[in-house]
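Quick note, the sequences are listed as chains P and F, same order. Heads up, the first sequence is in our numbering, so the first residue is 2 and it goes up one at a time. Heads up, the second sequence is in our numbering, so the first residue is 6 and it goes up one at a time.
Check before you lean on any hint, since a few could be wrong.
Unchecked claim - In the DSS-like style, the derived pairs of lysine-lysine whose C-alpha atoms are separated by at most 25 Å in a straight line are:
| id | chain 1 | residue 1 | chain 2 | residue 2 |
| --- | --- | --- | --- | --- |
| 1 | F | K135 | F | K46 |
| 2 | P | K248 | F | K137 |
| 3 | F | K17 | F | K49 |
| 4 | F | K17 | P | K248 |
| 5 | P | K203 | F | K67 |
Stated by the list, open to error - Computed list of chain F residues with no C-beta within reach of chain P, every gap over 10 Å:
| id | residue |
| --- | --- |
| 6 | L33 |
| 7 | G35 |
| 8 | S36 |
| 9 | Y41 |
| 10 | K46 |
| 11 | I48 |
| 12 | H83 |
| 13 | K137 |
| 14 | G140 |
Simulated from the structure, these hints should not be mistaken for lab results. Computed from a prediction, not measured in an experiment: that's the story for all the values here. For every residue, glycine included, the Cβ atom is placed at its ideal position computed from N, Cα and C.
Below are the chains, spelled out letter by letter.
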Amino acid sequence: MQELINRTKELLADGTVARVLGWRRGDLPTNPEPAYFNDGESLSEFVYNGFCGANLSKYMIEASELDGRTLVFLKPCDTYSFNQLLKENRVDREKAYIIGVGCKGKISEASLNAIGIKNVIDVKGAELTDACDTLTIETLTGNTTCAYRDAMLERCHVCRGKEYVVYDELIGDSADTVDGDRFDEVRKIEAMSPEERFAFFKAELSKCIRCNACRNVCPACSCRKCVFDSTKFDSAQKANSDSFEEKMFHIIRAFHVAGRCTDCGECSRVCPQGIPLHLLNRKFIKDINTLYGDFCAGESAEGATPLTSFTFGDAEPGTV
Amino acid sequence: MPMNDNAEFRPKIVAFCCNWCSYAGADLAGSSRLTYPADVKIIKVPCSCRVNPMFILRAFEKGADGVIMCGCHPGDCHYSTGNYYARRRMTLLFSMLDYIGVEHGRTRVEWVSAAEGVKFSATMNEFVEKIKSLGKNVRLGDLRCRS
Ligand code: SF4
Ligand code: SF4
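Please model the complete structure; the sequences and the hints are all you need to start from.
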């Protein structure tokens, strides 16, 4: 972390960048939050550790409108999101100075809770310079340890690799975190009967409180005006409550990002209800790969996408 | 009681038809005095590619029991390639609906040219029968229930 801060101070001092987009300590040690830093002094609040799952690429949309360049820290998977935004002309490459930061997998308090570690006060062993194999957790009921891997976000278990598809410089080491196949769960659902599938999704989607967090965090969801904005309330991003939205929100959200979703996993990470939204996104990704050839959104900032191209011999709807 | 036990069940069907081929095909079916159930409500669109996946979902939400989209045969699109894009979209959407457990068969795509009045009427008759056998569409409405 000190290495990141030192380099950042240099770039601010020599005028290469006008501001920094990073993470700062949140109200709890387990929830650092995205933040701007305008000078060397404010960097005392800066953090980068295992809890920094937040993908900063979407903030570059607004930062592209500001004067001067913005230094932004992107993890390997975040660079795909940035590239996708670049492709859609939503961010300005010239306005970004990208430091690719190492990643040894990201963890969350929700994952700790899931393995029975609750009331977390502090966590040690999640700095980038740590080995990131064991966590020491201080809780209200005493200290405990767990394997780093067991506290990791779902997406890190199926990480596509620690490559950076766009960057200006790189700092920090990464570690391989993969121990699963990202389509396994989709296959499991596909193998169920229609009744079981319906029951599964009904149970999951009925938990949704329509907070819109999944939409707001998504780097592929960046329209200025969204069908899910309320026309009745003046407060931005308030969810409508008509029955169409209630029922169809999830299908529409997932379809809207089909062919553009980089599988960054942010939607599932931020959902306060723990709904596995990636199961919808990955169904589209899997179908696209099978029907139209392997495609990885964000891998390239150029070229056609599966839904903006076709071949004469494409499958007929309803046959697959 | 499942609705399909009810002999009176008349499904509501929405058919999106493109202006250049399928709508003209429906017209031909009419002028040739070919019949298809009056429960099929046609919505004319400039091109099958105009059909936003949301239209399909919206039709279901408004009470449709089945939704069919008709367009020019691949290669015959008035705008050259619209139906090719539509084909990919519908393929993915239908597959998603199947994935979340909405019965396969409530959605359909059929390519109908202006000369295919017979095909239009036959397709609609067949589709109505299919939806009758599936019964009322309740799943999409029940997907998000606070039970
Ligand atoms: S849909 Fe989810 S996984 Fe896909 S780009 Fe958006 S936030 Fe990331
Ligand atoms: S983040 Fe979760 S609860 Fe909020 S709208 Fe999305 S799915 Fe629903």
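Going down the list of hints, with the structure as the test:
no.: 1; hint: F:K135 - F:K46; result: holds (16 Å)
no.: 2; hint: P:K248 - F:K137; result: holds (23 Å)
no.: 3; hint: F:K17 - F:K49; result: holds (17 Å)
no.: 4; hint: F:K17 - P:K248; result: holds (19 Å)
no.: 5; hint: P:K203 - F:K67; result: holds (20 Å)
no.: 6; hint: L33; result: holds (23 Å)
no.: 7; hint: G35; result: holds (26 Å)
no.: 8; hint: S36; result: holds (29 Å)
no.: 9; hint: Y41; result: holds (20 Å)
no.: 10; hint: K46; result: holds (18 Å)
no.: 11; hint: I48; result: holds (17 Å)
no.: 12; hint: H83; result: holds (16 Å)
no.: 13; hint: K137; result: holds (18 Å)
no.: 14; hint: G140; result: holds (14 Å)
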